[in-house]
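Protein chains in written order, with my numbering: chain A, 1 to 349; chain B, 350 to 581; chain C, 582 to 871.
Hints may contain errors.
[Claimed, not checked] Part of the chain B face toward chain C, derived, beta carbon under 10 angstroms:
| no. | residue |
| --- | --- |
| 1 | Ser399 |
| 2 | Gly400 |
| 3 | Arg403 |
| 4 | Ala430 |
| 5 | Glu446 |
| 6 | Asn447 |
| 7 | Leu449 |
| 8 | Val450 |
| 9 | Gly451 |
| 10 | His453 |
| 11 | Thr454 |
| 12 | Pro457 |
| 13 | Gly458 |
| 14 | Ser499 |
[Stated by the list, open to error] Covered stretches of chain C (in silico footprint by chain A; criterion: 3 or more residues with CB under 8 angstroms from a CB of chain A, positions within the stretch not fixed):
| no. | region |
| --- | --- |
| 15 | 615-629 |
| 16 | 671-678 |
| 17 | 725-734 |
| 18 | 804-810 |
| 19 | 836-849 |
[Claimed, not checked] Derived Cβ-Cβ restraints for the label pairs, each shown as a range:
| no. | chain 1 | residue 1 | chain 2 | residue 2 | range |
| --- | --- | --- | --- | --- | --- |
| 20 | C | Ala733 | A | Thr151 | 52 to 58 angstroms |
| 21 | C | Ala733 | B | Glu374 | 53 to 59 angstroms |
| 22 | B | Pro405 | C | Leu747 | 31 to 37 angstroms |
| 23 | A | Asp242 | C | Ile707 | 31 to 37 angstroms |
Note that these hints are calculated values from the structure, not bench results.
A virtual CB, placed ideally from N, CA and C, is assigned to each residue, including glycine.
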Amino acid sequence: MKGTVVERATPLSRGFWLVATLLILVLAAAPWWLGRGELRLIAEFAYLIALAQMWNLLAGYGGMISIGQHAYVGIGAYALLILSLHAGVHPFLAVPVAGLVAAVMAAPLSRLVFVLKGPYFAIGTWVVADVLRLVMANVPALGGGSGESLTSVIVGVPAWEREAVIYWMALAAGVGLTMGMYLFLTFRHGLALTAIRDSEAASASLGVEVDRVKLLVYVASAAGLGLVGALIYLIKLRISPDAAFSIEWTVLMIFIVTIGGIGTIEGPIVGTAVYFLLRYLLADFGTWYLVVLGAVAVVVMLKAPKGIWGWVAHRYDLHLFPTRRRMRLGTKAEAAAAPALDTVANGAG
Amino acid sequence: MSFLSTHKLEAGYGDFRALFGIDFEVAEGEAVAIIGANGAGKSTLLKSISGLVRPPPGSIRFRGAPIAGLSAPAVVAAGIAMVPEGRRLFPSLSVEENLLVGAHTRRPGPWTVDRVLDLFPALAPRRTTPATLLSGGQQQMVAIGRALMSNPALLLCDEISLGLAPVVVKSIYEAIPGIRADGTTIILVEQDVGRALAVADRVYCLQEGRVSLHGRPASLTREQITAAYFGV
Amino acid sequence: MAAAIDTILQGVLLGGLYALFATGLSLSFGIMRMVNVAHGDLIILASYLAWVTVATLGMNAFAAALVVVPAMTVVGYGLQRYVLNPVLSDDPLPPLLVTFGLSVIIQNLLLEGFSADARGIDAGVIETASLALGGDLAVGWLPLLVFASAVAVIAGLELLLSRTPLGRAFRATSDDQTVAQLMGIDNRHLYAVAMALACAVTGIAGIYLAIRTTFGPMMGPSQLLFAFEAVIIGGMGSLWGTLAGGVLLGVSQSIGFRLDPGWGILTGHLAFLAVLVMRPQGLFARTRDA
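Next up, chain A with everything else stripped away, as it sits in the complex:
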């Protein structure tokens, strides 16, 4: 069985790391040589990767398919609003604190949504996000349904510094959350997570502390989303419940991860690139890019369920982030190879 081969660095992946490091250094210097428009575009690219990674962590590795992760983008946005506009915290400091706030909120909310399993969990998380949206719309002190503007808290920061710091934060979020996830999976939780995704009951009997690891993943994902949510609204500067708690955020996360390749670290990066490409190509056609994006996601699920990166990795045996050693142990085919009670491939083909 190939899967037992411990593969770590290959010449190709070493080359990739070198190129990636250089690229990040060049991008870090971008505020000195790129204009505002380009910086914003790169920042958006970076924070979308970060958002997608957080959904990938939850669904691809933790097996928790949520359609309500926009809850934490919204929580992050509102934490930024309250901290900076109402409590006088410096907006740059408020961004990481918003991540903490989201983590603190996620713990009790998890108790609510964890009652539901599988597909029911997915819709249940959506209800929770909608509850938060409606609650915020009913708080007049935060602008109610129309929300509030953040312009006043940022206006004192010099323009270049403002653009550069926000850009660096977005870059750091994209690179940092991707690397953080890689390290997280490389250390001991990775094995436990993959085990949970493949069979919750089996891992429980193997002594993996399913509940604790699931909670940890849920909270970590929320923290990342909260931080990125605050960052996004520090760029947008206008926060309203309908926008901050919009399903659009989850739509983007899910499409990007599905198209790029769920359960891989490379997938969200590839998926984000596909999203930008489609949006650019279809820029003159209204919301058609969403139709096309949805159609691509559906076709990917039907024809290549492991996404673009999953297909490439399988075809060319290419792994830039070698966590594959674990991934292989739990493939469907091998699970079915065990003396299965139910050997039908659920034959609805």
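Position chains B and C against the provided structure of chain A, taking the given hints into account.
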């Protein structure tokens, strides 16, 4: 031309291979037992015939027609019914409803709910009982009756004595002559070798996915069977 | 006092509409073990179909059902057979993601085709006619008709499930789809028939929605959440439970709305969450699905 035959049958699940070139034949009206240790491939052979596992086309023929690769419902329509291992009645259906689901394909033939209840008189008073409330033996009777309701030409029985008390197994095996009386061919997968040899016209022994022995029970010695079974 | 009774009464009748929303979802939960995220968008699609039928053929709003229901039935069969069946497995992720993708596709196609303008269907006097109940109480004929339709649809489906060979095949497949195939049941066809039925009910729901309120391309997700809440409140596996769940949701929203117009949907969500915490299997779950 044989009734059912497999030729160099290979089958498995995903990357795992369970059967390696099985040649297996059954004549019309026969009762054939398949014995072997756990993991020898007995159940995989039955599942390949019934369409739950899809082997390569051409490796199984039934009444002259290729059936390998057909879906399970298509195999039932062709006249092969299976009693699955572990009985697996539909828990939210009554005894009668379980039997009626068995008649889903409406293949013509002699079997009706009343006839199944005649075959297994213990079920008669439990006609409207939810299947989950039956004893293990009664559940096994319903499972066999449910398969018969499709009026099969060939009945596949997977481990019908498993987990049942000897006296219950005896009463279930007593129904087999009644099933064969109409000319129904039977293939039995059994762990209980003694029981299998007693009812079967011929026996196949599988070992690690290959046929290790076959013949008429009377012509086989205990030593031959032990060797074929355990591979010693 | 009369105001309180009126609030509850309106809520109960609103629950009839939610029960119609939820029935299709409940069927696909129960038989395919699948959650159709695009369910709400299919309701809205049916509303637009009704709107187009009324606008182009000049038909009466109720007669539009003659076009909408068969069309939605075909949509449901095709959707399940050719798009969803291929991704059904023990893994709940693929059908969820595919229907999620379909949801976004339907929304944006409707947006491109019909613009974001709110639309509605005029059904004539029945929209405003009401039945006086004495005192200050009155109920509209339309909400009564919607509620009666929900009861009729659910009674019909319960009869189909419990008394007919098709219903028996549905229940058997829901119990154990592998063994159902061994009985000769082609689950690909059966699932498609189940989705066709679900979408037929969705067609009825979409017409009533279009008559009752104005609608727009992006309203699907809200309807999905209402349908989902009704199903979970009622408990899986029981269509009468789904009706009860719809009624409870309708009453909760009606009470919230009476307290403050901004709270209606929120109190509905909170009632759902309260049931989830206190009785996660739902109020009327049948044991087999609990």
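Right, here's what the structure says about each hint:
1. Ser399: holds (6 angstroms)
2. Gly400: holds (8 angstroms)
3. Arg403: violated (12 angstroms)
4. Ala430: Constraint on B/Ala430 satisfied, holds at 8 angstroms.
5. Glu446: holds (6 angstroms)
6. Asn447: Constraint on B/Asn447 satisfied, holds at 8 angstroms.
7. Leu449: Because about 6 angstroms separates B/Leu449 from the closest Cβ in chain C, which is inside the 10 angstroms limit, the hint holds.
8. Val450: OK, holds: B/Val450 within 10 angstroms of chain C, min 5 angstroms.
9. Gly451: holds (5 angstroms)
10. His453: Given a least distance of 5 angstroms, the restraint on B/His453 holds.
11. Thr454: holds (4 angstroms)
12. Pro457: violated (14 angstroms)
13. Gly458: violated (13 angstroms)
14. Ser499: Status holds, d = 6 angstroms.
15. 615-629: Since three or more residues must qualify, the claim that chain A covers the region 615-629 of chain C holds, with 3 doing so at under 8 angstroms.
16. 671-678: Coverage by chain A holds here, the residue count being 8 at a Cβ distance below 8 angstroms.
17. 725-734: violated (count 0)
18. 804-810: holds (count 4)
19. 836-849: This one holds; 5 residues, not fewer than the three required, reach chain A with a Cβ under 8 angstroms.
20. C/Ala733 with A/Thr151: 52 to 58 angstroms: With Cβ atoms ~56 angstroms apart, the hint holds.
21. C/Ala733 with B/Glu374: 53 to 59 angstroms: holds (57 angstroms)
22. B/Pro405 with C/Leu747: 31 to 37 angstroms: For B/Pro405 and C/Leu747 the Cβ distance comes to about 35 angstroms; the hint holds.
23. A/Asp242 with C/Ile707: 31 to 37 angstroms: This hint holds: roughly 34 angstroms between Cβ atoms.
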